[in-house]
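Participant: Each chain, letter by letter, is given below.
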Amino acid sequence: MDLMQILGIIIPTAIFAAAPLILTALGGVFSERSGVVNIGLEGLMMMGAFIGAVFTFYGETWGFGSASPWFSFVMAILIGAIFSLLHAVASITFKADQVVSGVALNFLAAGLTIFLVKKIFDAGQTPYLNERIFKSDVPLLSDIPIIGPLLFGKAYVTSYVAIALAFVVWFIIFKTPFGLRLRAVGEHPMAADTMGVNVTKMRYIAVMLSGAFAGLGGAVYATSISGNFTHSTIAGQGFMALAAMIFGKWHPLGALGAALFFGLAQSLSITGQQIPLLKEIPHVFLLISPYVLTILALAGFVGRADAPKAIGKPYEKGKR
Amino acid sequence: MDYVIEMREIRKEFPGIVANDNVTLQVQKGEIHALLGENGAGKSTLMNVLFGLYQPEKGEIRVRGEKVDITDPNIANNLGIGMVHQHFMLVENFTVTENIILGQEPKNRGQVDIKKAAKKVEEISRQYGLRVDPYAKIEDISVGMQQRVEILKTLYRGADILILDEPTAVLTPQEIKELIQIMKRLIAEGKSIILITHKLKEIMEVCHRCTVIRRGKGIGTVDVANTNRDELASMMVGRDVSFTTEKEPGHPKQTVLEIKDLVVKDARGVSAVNDLSLSVRAGEIIGIAGVDGNGQSELIEAITGLRKSTSGSISLNGKEITNHKPRKVTEAGVGHIPQDRHKHGLVLDFSIGENMVLQTYYQEPFSKFNQLKISNIFDKAKALIEQFDVRTPSVHTEARALSGGNQQKAIIAREVDRSPDLLIAAQPTRGLDVGAIEFIHSKLIQERDANKAVLLISFELEEVMNVSDRIAVIYEGKIVAIVDPKEVTEQELGLLMAGSKQSEKGEE
Amino acid sequence: ACGSDDAGSGDTDKKEDDKFKVAMVTDTGGVDDKSFNQSAWEGLQEFGKENDLKEKEGYNYLQSNAQSDYRPNLNNLVRQGYDLVFGIGFLMQEDIQKVAEQQKDAQFALVDSVVELDNVASITFKEHQGSFLVGLVAGLQSKTNKIGFIGGVDSALIKKFENGFKAGVLTANPDAEVFVQYAGDFNDAAKGTTIAATFYGKGADVIYHAAGGTGSGVFTEAINRKKNGEDVWVIGVDRDQFAEGIYDKAENKSVTLTSMVKRVDTAVLEVSKQTKEGNFPGGEVVEFGLEEDGVGIAPTEDNVSEEALKMVKEYKEKIVAGDVEVPMTDDEFASFNK
Amino acid sequence: MLTSGYEPIKAYTALFSVIFTDSYFIGETVRQMTPLILSGLAVAFAFRTGLFNIGVEGQLLVGWLASVYVGIAVEGLPAFIHIPLAILAGALAGALWGLVPGYLKAKFMVHEVITTIMMNYVALHVTNSIIRSYLLAPGERTEEIQSSASLSSMFLQEITDFSRLHYGIVVAILGAIVMWYLLWKTTTGYELRAVGFNQHASNYAGINVSKNIILSMCISGAFAGVAGAMEGLGTYQYMTINAAFTGVGFDGIAVALLGANSAIGIILAAGLFGGLKIGALNMQAVAQVPPELITIVIALIIFFVASSYLVHWLRNRINRRGKI
Ligand SMILES: Nc1ncnc2c1ncn2[C@@H]1O[C@H](COP(=O)(O)OP(=O)(O)OP(=O)(O)O)[C@@H](O)[C@H]1O
Ligand SMILES: Nc1ncnc2c1ncn2[C@@H]1O[C@H](COP(=O)(O)OP(=O)(O)OP(=O)(O)O)[C@@H](O)[C@H]1O
Ligand SMILES: [Mg+2]
Ligand SMILES: [Mg+2]
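Those protein sequence lines, which keep their order, are chains A, B, C and D.
Counting from 1455, one number per residue, gives the positions in the first sequence under the numbering used here.
Counting from 689, one number per residue, gives the positions in the second sequence under the numbering used here.
Counting from 32, one number per residue, gives the positions in the third sequence under the numbering used here.
Counting from 10, one number per residue, gives the positions in the fourth sequence under the numbering used here.
Hints were generated in silico from the structure; no laboratory data involved.
All C-beta atoms, glycine included, are put in the ideal place defined by N, C-alpha and C.
There's no promise every hint is true.
Said to hold, decoys possible - If you want the footprint, here are the derived chain B segments under chain A, 3+ residues with CB under 8 Å: (1) 761-770; (2) 780-786; (3) 796-808.
Claimed, not checked - Here are some, though not all, of the chain D residues that point toward chain C, as calculated from beta-carbon distances under 10 Å: (4) 93; (5) 134; (6) 171; (7) 220; (8) 246; (9) 247; (10) 249; (11) 256; (12) 300; (13) 303.
Given these sequences and hints, build the entire structure.
Facilitator: Pasting the structure below:
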């Protein structure tokens, strides 16, 4: 294979594989920026993938046609946000340990989704979806020589939606009053409280946004990559998104970069097995290369990451 | 009489303690009203009630004559009450402007209009003489400026009743002077101020009236014009307090600490200590006077091994300890009462007992063969708590739950008890009430009298002048003068600290 | 199992006890995994229907959530008095072995692997034979002469698929080149997509997957390419995967060229029947190949050319007759290819 | 359960009767508890020292492989040497796997959550590859370990009606005691906890912060490695090629936090988890309740317990007294 051919495979797959991670990591940014650890991203994504598959399927039967996946996205966003309320209620109102509550969310999603799949479809997984998000050329941009086909040819719209959302989230968090308050709540909730910012409300909104984004991430995975939902559709992607968020230093664009990096490393490790030179390397080294590369990147040039200061601590009025 | 604030018979309980027991506070329009009391007397609690952070069990609050129910800081804000908290409520990685506008951001097409906000901040800051850099990050600015940001926050919200909870505890004398000017300007504008402070001098200087609380109970309100420091102090503590520390002249002996041409870089890589030389002898207290940020922290950190020095030497009792690890320095005979008690001095989540052996846990009798001797540790802690009058429910109480004054006493107990040849005390009385200060000063002098060397770093001139046998003035990382406290005036010292060379005085 | 149920069950159970009861333990995929668990369960259901048994009483299954659940599940069924207990999947080999050693009176059957005990019947399939047939189709219908094989996890079992397939491809089309890659995972659809993208990118136009859930990514990639006008195919595995490959629902068009089906249902039904009749094949290895209709090519033949079908039929006969020996290991393939 | 159309009474009877009365299920419950206790200890130990170890899963896998390797490859040793040696191998392998995130955290401030997640995947692929390349036996697994390295016991199996109960539970309880002792009774524990709470103060007190971060991750990893050894030497007697994670490491997070990171609490929480998981299998068999329902129940229990102020209060009391 020549270089263009290799890049032509690696880059588009990197971008498409990254989309669910980007979205979910953005959700994580919201929650953790507000001071609520969200290890439940995995469960939220699972719920999103389930909703994505179920409502795309029903969308098809209800005659929504190719709009079915988009309909399912809306549902995944809504239900993801509602589902994340459990984490919000436990960890914000009842001041439960945020990690425990997140772990519980993961358990709950794992049980509930498959339980519901069995109830609804009388099978261990949803049927295969006919209406999915399919690849297409991005108009105009894909005509640019060399980089056009690489970056914009035969791509998923959802990938570009995810990338665009990263910028939107960046704008929200760093440019709007909402974002200012959100960050204040995550850094120093008492300061925010004394300035009239409702800490509880902000954290609820942030956690629900994380549910919405992770739900969307899961739904995108189901409708563009797996094509159905089974017990193993979401197996670790939520944790990778968590890692991307931390790798990206709790910054939306950082998370975007980290997710793309994961995607690139992943697709390189897979495609690498078909590249003559890399073929000679034992299989296992290619398999672990995305993870090792991430660790090296962190140790080499990313280094210290400062979490929001109040992260993990329930807010109690007047507590010192 | 018309009061702008009237708190009547306020009662506030915390589990196991009555923090405010029928306290009444009446503030007139346009006055600076002092609130005085020992550490833990209930001052902050009372103010937090007024600001809506706590709900009182009993009592009523009137603002400008109207009975109000302040259930939330928002309501207090709307009533024109602003509060500068004892522990600053600032988001460290936000800019000054962001901190000020938080919650009431000017908007422009959905976006925070930072430019407009910064302009407004500049306007207010000019109006009241509160110098700040609107675009600086809080973590990069001095405590004094942070304080001004806190005040600006309330003014930005249009507050005309300001509560300042111990605003001067962390300020340098210069900054205190500025703050006093600012307060005067504020009342001239018709605002009213409630000021909490342990510094009676400040009360005498700026306040009109003073309300005293002791152990949660209101003792009474006096006109400052008709009282004096001693009366206030005894009202607050319940006994007489002496202000000038009694001490015999010292008898300095051999040199204990010898610093030669020391250079230390700060976190940003700039030399904070520049060719500094200093020696401290056994049996004397050397006070280091200087404006914050002239290399004091870096000097202490270099001596104690918490920061590397780039050149020069430090020796203790004739032995090199330059760039030794903290533990080696400690074992060589250095005790250190750190400036930031929460960051360095204590593990807040450890019990007070465990904190008492922070420097010695690995030695006998507290452990043997890597095994802790728990009973020895807690016996020791009990003895120290007794000896230094640390007020804590038990040795098993988390250090976090103690009041600042008692936390400080615990640290001092730990460091003094090891009887180090050199005791470094950095701002040992910050935020403490006069009774506690008296106690700590007497401990430092006791150490000196036991032939130990003591190095005292303080921004408080009165403290330095009262306690030290010699005063070394630090300016831009150098000792610019060594003076005798008995022969120098506060004004002269102030000039030296500001870098003026003319009035050089003293032995060298 | 549990004491309470044994004690309190009363005479309804007694009646059932007289009847012949069968049950199975699934792996973590569950009974409706659209793969061999499901297929095995369909076999049991069929057996139940034929013998007028009640589900959950006469025939039953237990699902495992983790590898460590196999043994308690097997034990549980034995203790509930099932006359024959199936373990589905080679991962259960060790557990069947242990339980069978302990419960000498119970009868077991293991699918996809071998336990040499008198009370265990081992059921295996000649996947290489079925793979050979779909290999023929791939070899004939590839226009680029480049063909891909994606395995789930590199193992002796999946090697049977790979080698049989390669042998079929080369038999039909000696010029063809076969790309092989193992995903290292049966459940990573994203990986499946990437590997498929790589293969198609290198010019392959047919990919055979034996990779479970990872395979659904292969279909995703193929459908995408088909929609963008590329002429690519996927060959499904274990059951007829025509539906997975549908890209045009109205026209019922699928990227699934054909599938290699593995009739676990037939095998389960067959062994259940034999056992009921008192011919429990304990200690034996019952092999299901082309001859027994245990493996074969999927019934949906929409996309398979006449020529290919003819060749498939021809070779099926040769294999059954023993004229062609399909390789299953790397070594056998090497000598086959000589 | 009522709402989902299953018979609740029958189901709960099935759940509780077996985990308390049927010797087979008691045996299986205890067997299931064993690795859960150890992985819970691993998570808790790191937590106590201010670190979040999501890498228990990976550390468990390498520990499993190392112990099985020693169990297979070393011959002719008496059991009282061979077993400890194999467990030690598991502990060392786990510690090594914990060393990497610990070192990177201490020296480069790399967040341990990411590195431990990445190390999980590395462990999964590396152990599989080692088994496939060097230790493969029929059935996609290694050979069985020598009987001299086995923790399984005919006696325990017989009294529990052929459950897989093995002596690993003793190891797990010893592990809990070790954690408690190490944290609360030794100077090492004092240092580890101090560093976990306040690195600045620890540095001030002359404690080597980097060393303690690394040590903490190593000890945590060692507990996880021993959890793996329990699977290898006790439950299975071999190691299979794992297509996916075992889940024991992730369960350990819930066990640790449910047990308030205390030794006793972890044993109790592991008991609850183990009981529910084994009980779930029986609920399925007897009352046809799908096992997913138990996962849901477990999740709800975690939510409930985590949200309860009672636990909060207990936890504070236990912490404050510095015991257990
Ligand atoms: N959040 C709290 N929870 C429980 N008790 C508290 C709390 N805050 C204060 N207290 C109790 O109320 C009493 C008064 O505390 P307060 O902070 O008002 O003291 P203070 O007068 O401001 O002291 P200082 O001069 O040290 O600032 C304390 O002794 C303490 O026991
Ligand atoms: N969380 C808490 N629970 C119980 N009592 C508390 C708590 N926090 C503070 N206190 C009590 O509040 C009182 C005053 O605390 P505060 O922090 O105001 O002391 P302080 O001397 O002003 O400290 P600092 O010097 O740090 O300002 C103390 O008596 C302390 O015991
Ligand atoms: Mg106070
Ligand atoms: Mg104070």
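Participant: Next step is simple, just say for each hint if it's right about the structure.
Facilitator: Evaluated hints:
1. 761-770: This one holds; 3 residues, not fewer than the three required, reach chain A with a Cβ under 8 Å.
2. 780-786: holds (count 4)
3. 796-808: Our answer is that it holds, as 3 residues pass the Cβ test (under 8 Å) against chain A, meeting three.
4. 93: At 24 Å from the nearest chain C Cβ, residue 93/D fails the 10 Å test, so the hint is violated.
5. 134: holds, 7 Å
6. 171: holds, 4 Å
7. 220: Interface hint status for residue 220/D: violated (37 Å vs cutoff 10 Å).
8. 246: holds, 8 Å
9. 247: holds, 7 Å
10. 249: holds, 7 Å
11. 256: holds, 6 Å
12. 300: holds, 5 Å
13. 303: Since the shortest Cβ distance to chain C is 9 Å, the answer is holds.
Checked against the numbered hints listed earlier, the structure breaks hints 4 and 7; every other hint is satisfied.
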